[in-house]
Amino acid sequence: MQSESTIAFEVSKLTKRYGEVVAVNDISFSVARGELFGFLGPNGAGKTTTINVLTGLARPDAGTINIGGIDCTHNPKAAQHLVGVVPDESNLYAELTGFDNLCFCAALYGMRKNERQERARDLLAIVGLTDAANRKFANYSKGMKRKLTFAAGIIHQPPILFLDEPTTGIDVASARQVRQIIASLHRKGTTVFLTTHYIEEAERLCERIAFIVSGRIVRIDRTADLLQPVKGKNILVLSISNYEPGISEEIAKAFPEYHVQSTNQGKVRVESAEQIIVGPLVHFLEERGIQMTEARRQVPSLEDVFVRVTGIEAGLMKKEK
Amino acid sequence: MKNWIAFWNILAKDMRTYYLKPPNISWGIIFPIVWTGMFFIKSGSGLESVLSLLPGVMTISILFGTTSVLSVTITFERRSRSFERLLLAPISLELLMLAKTSGAILFGVVNVFVPVIIAVFVADLSGITWSLVIPAILLIAVVSTFFGLFIAVSVSEVFEAQTFSNFFRFPMIFLCGLFFPIMSLPVFIRPLSYILPITYGVDILHGAITGEHIMSLTLDFLVIGAFCVVLFLLSLYNIKRKWIS
Chain A
17 MQSESTIAFE
27 VSKLTKRYGE
37 VVAVNDISFS
47 VARGELFGFL
57 GPNGAGKTTT
67 INVLTGLARP
77 DAGTINIGGI
87 DCTHNPKAAQ
97 HLVGVVPDES
107 NLYAELTGFD
117 NLCFCAALYG
127 MRKNERQERA
137 RDLLAIVGLT
147 DAANRKFANY
157 SKGMKRKLTF
167 AAGIIHQPPI
177 LFLDEPTTGI
187 DVASARQVRQ
197 IIASLHRKGT
207 TVFLTTHYIE
217 EAERLCERIA
227 FIVSGRIVRI
237 DRTADLLQPV
247 KGKNILVLSI
257 SNYEPGISEE
267 IAKAFPEYHV
277 QSTNQGKVRV
287 ESAEQIIVGP
297 LVHFLEERGI
307 QMTEARRQVP
317 SLEDVFVRVT
327 GIEAGLMKKE
337 K
Chain B
2 MKNWIAFWNI
12 LAKDMRTYYL
22 KPPNISWGII
32 FPIVWTGMFF
42 IKSGSGLESV
52 LSLLPGVMTI
62 SILFGTTSVL
72 SVTITFERRS
82 RSFERLLLAP
92 ISLELLMLAK
102 TSGAILFGVV
112 NVFVPVIIAV
122 FVADLSGITW
132 SLVIPAILLI
142 AVVSTFFGLF
152 IAVSVSEVFE
162 AQTFSNFFRF
172 PMIFLCGLFF
182 PIMSLPVFIR
192 PLSYILPITY
202 GVDILHGAIT
212 GEHIMSLTLD
222 FLVIGAFCVV
232 LFLLSLYNIK
242 RKWIS
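Protein sequence lines correspond, in order, to chains A and B.
Under my numbering, the first residue of the first sequence carries the number 17, and numbering increases by one thereafter.
Under my numbering, the first residue of the second sequence carries the number 2, and numbering increases by one thereafter.
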């Protein structure tokens with residue numbers, strides 16, 4: 017249990033509905049000051065809705081929100097000076113230059129002219145856009161737009177930063193740069209709340225991770241603790257062309273020493289603390305007229321934990337919005 | 002102080018980005034001239050009729066100056082999500098919306114000087130009660146702007162904002178006593194005139210410029226002031242209900 021002074025923000029029994037759809041369903045968690053917390057889930061899981069409710073862009077239907085010791089449940093404006101937000105889509109002004117966009121965003125937080133110009137120049141250098149400072153935002157590439165949007169989110173040096181899928185849809189180099197900036201901010205003590213559907217990104221960056229599926233948090237733990245059950249495990253993923261429901265149960269019955277799980281993309285995941293021998297498995301499937309197209313060994317990772325906990329195939333997570 | 006830095010920069014950004022653009026400036030100049038010319042020629046009378054046309058042309062300049070850009074830009078910013086950035090800023094929604102609307106109010110007020118400056122050269126303006134004209138201009142600009150804001154927050158697409166603006170603006174030209182006295186309208190249409198805020202602003206201008214007004218000026222000021230407050234509060238309510246829901 018964290019003491020109140022170490023908590024950056026906290027939500028309790030938070031629920032958000034859009035008509036009949038329960039986008040966020042009775043979730044509770046807290047994030048410690050200086051922590052890099054991951055919110056991992058597929059598209060439509062409720063990640064963006066959670067950020068919107070926390071930052072004041074949407075109102076909760078139930079539950080409480082406390083940011084920096086301020087109860088923001090009914091007055092989200094009260095803590096907006098403490099938070100920075102990088103939304104899932106670039107939302108700067110197309111007709112302004114990169115430099116002017118940053119200066120304008122700084123002015124929204126009451127920064128004076130000299131201060132905001134200096135900060136804008138510093139951030140343009142950090143995100144590698146100094147040469148494009150005087151180009152209109154509309155003429156930026158997708159990666160450049162994302163980086164400038166990131167810079168705009170941290171223009172006022174917020175102690176708490178909400179990042180909504182910051183690397184989605186951008187090139188590898190830009191994504192890498194964004195991840196480096198996130199790590200750097202974290203090292204300097206910024207509390208980071210990162211939503212992502214990239215499992216590797218969450219594993220690489222986050223100290224603690226919550227898995228969110230259909231608006232509910234299904235697991236929340238330290239990354240190291242999440243990985244503990246799969247440490248030293250052997251994993252084999254079988255791709256089956258004529259997949260039928262019930263096949264994993266049949267395999268499990270025949271090979272009780274293995275933990276067998278179906279995923280939702282015609283694949284069967286076999287896990288064991290011992291070495292998995294492929295031959296008997298192939299033979300077993302062939303006998304039943306089941307065509308296996310691939311057997312792939314996997315190094316256990318957070319992806320395996322996620323699949324095990326949520327039953328969602330990791331490939332689905334990789335699909336872009 | 003921090004709030005005012007944000008306020009001023011939102012206003013300055015909007016003026017620079019939306020209002021002080023060649024198409025808007027030319028529209029602001031050409032539109033009142035065309036309307037003045039049209040009614041001047043239609044009246045068939047001499048330059049002495051300019052004074053009687055002035056309240057209508059001034060109002061039309063403000064009405065179109067304030068509503069043309071505002072309703073479209075707010076809807077556009079909402080669609081492009083840049084409006085979210087403003088909602089995330091640590092300033093109150095009231096101050097934010099005042100900043101967003103101040104540009105339109107200023108643009109409307111500046112537009113009104115076009116017909117006034119033209120009138121200076123062609124008519125005798127010495128009899129005008131400027132102490133009434135100035136607050137009337139401001140109130141018409143504010144109420145028109147808040148009317149544009151109300152439309153902007155009631156729709157979700159840019160084309161809807163344009164359509165709805167025109168749906169209300171053009172009938173106002175004929176219903177609010179800009180060029181035709183309300184008393185000359187058919188009796189069954191007159192109630193419509195009295196539920197439109199512009200009617201009261203135009204009445205003040207007629208009183209200040211030609212000395213002819215149909216209602217008490219105190220009542221005019223009170224009603225148009227009340228419309229300003231109600232339209233602004235309704236817009237804020239709609240923003241909270243629809244955009245921060």
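Some hints here could point you the wrong way.
Claimed, not checked - Derived BS3-like pairs: lysine-lysine, alpha-carbon spacing no greater than 30 Å straight-line:
1) A:Lys93 to B:Lys22
2) A:Lys152 to B:Lys3
3) B:Lys22 to A:Lys152
4) B:Lys3 to B:Lys22
5) A:Lys204 to B:Lys3
6) A:Lys158 to A:Lys129
7) B:Lys241 to B:Lys43
8) B:Lys243 to A:Lys93
9) A:Lys129 to A:Lys204
10) A:Lys129 to A:Lys152
11) B:Lys22 to A:Lys158
12) A:Lys129 to B:Lys22
13) B:Lys43 to B:Lys243
14) A:Lys269 to A:Lys283
15) A:Lys93 to B:Lys43
16) A:Lys29 to A:Lys93
17) A:Lys249 to A:Lys283
18) A:Lys29 to B:Lys22
19) A:Lys247 to A:Lys93
20) B:Lys243 to A:Lys129
21) A:Lys204 to A:Lys158
22) A:Lys269 to A:Lys247
23) A:Lys204 to A:Lys249
24) A:Lys249 to A:Lys269
25) B:Lys3 to A:Lys29
26) A:Lys93 to A:Lys129
Claimed, not checked - Just a sample of chain A residues kept apart from chain B, beta carbon distances all over 10 Å, derived:
27) Glu51
28) His97
29) Glu105
30) Leu112
31) Glu216
To be verified - From the structure, some residues in chain B lie toward chain A, with a derived Cβ separation under 8 Å:
32) Asn4
33) Ala7
34) Asn10
35) Arg80
36) Ser81
37) Ala90
38) Pro91
39) Glu95
40) Leu96
These are computed hints drawn from the structure, not numbers from a lab.
Keep in mind it's a predicted model, so treat the numbers as computed, not measured.
Ideal Cβ placement from N, Cα and C applies to all residues, glycine included.
>> So, as I understand it, the hint says Leu96 (chain B) touches chain A; can you test that by seeing if any CB pair is closer than 8 Å?
In response: Violated. Min distance 10 Å.
> Would the pair Lys269 (chain A) and Lys247 (chain A) pass a check requiring their Cα atoms to be no farther apart than 30 Å?
Replying inline: holds (25 Å)
> Do the alpha carbons of Lys3 (chain B) and Lys29 (chain A) lie within 30 Å of each other, as the hint requires?
Replying inline: violated (34 Å)
> Given Asn10 (chain B) as an interface hint, is the shortest Cβ-Cβ distance to chain A below 8 Å?
Replying inline: Holds, because the Cβ-Cβ distance from Asn10 (chain B) to chain A comes to roughly 4 Å (cut-off 8 Å).
> Can the restraint linking Lys243 (chain B) and Lys129 (chain A) be considered satisfied, given a maximum Cα separation of 30 Å?
Replying inline: violated (34 Å)
> Just checking, Glu216 (chain A) versus chain B, shortest CB gap more than 10 Å?
Replying inline: Consistent with the label, Glu216 (chain A) stays out of reach of chain B, its closest Cβ about 28 Å off (over 10 Å).
> Does Arg80 (chain B) pass the interface hint, meaning its C-beta sits closer than 8 Å to a C-beta of chain A?
Replying inline: With a closest approach of 11 Å, the Arg80 (chain B) hint is violated.
> Can we confirm that no CB of chain B comes within 10 Å of the CB of Glu51 (chain A)?
Replying inline: Nearest chain B Cβ is 22 Å from Glu51 (chain A), so the label holds.
> Is the nearest CB of chain B more than 10 Å from the CB of Glu105 (chain A)?
Replying inline: violated (6 Å)
> Straight-line Cα separation of Lys93 (chain A) and Lys43 (chain B) no greater than 30 Å?
Replying inline: violated (55 Å)
> Going straight from one Cα to the other, do Lys129 (chain A) and Lys22 (chain B) come out at no more than 30 Å?
Replying inline: Given pair Lys129 (chain A), Lys22 (chain B) holds - Cα atoms ~24 Å apart, limit 30 Å.
> Does Glu95 (chain B) meet its interface restraint, that is, does its C-beta lie within less than 8 Å of any C-beta in chain A?
Replying inline: Hint violated; Glu95 (chain B) Cβ to chain A Cβ min 11 Å, cut 8 Å.
Comparing the model with each numbered hint stated earlier shows that hints 1, 7, 13, 15, 18, 19, 20, 23, 25, 28, 29, 30, 35, 39, 40 do not hold.
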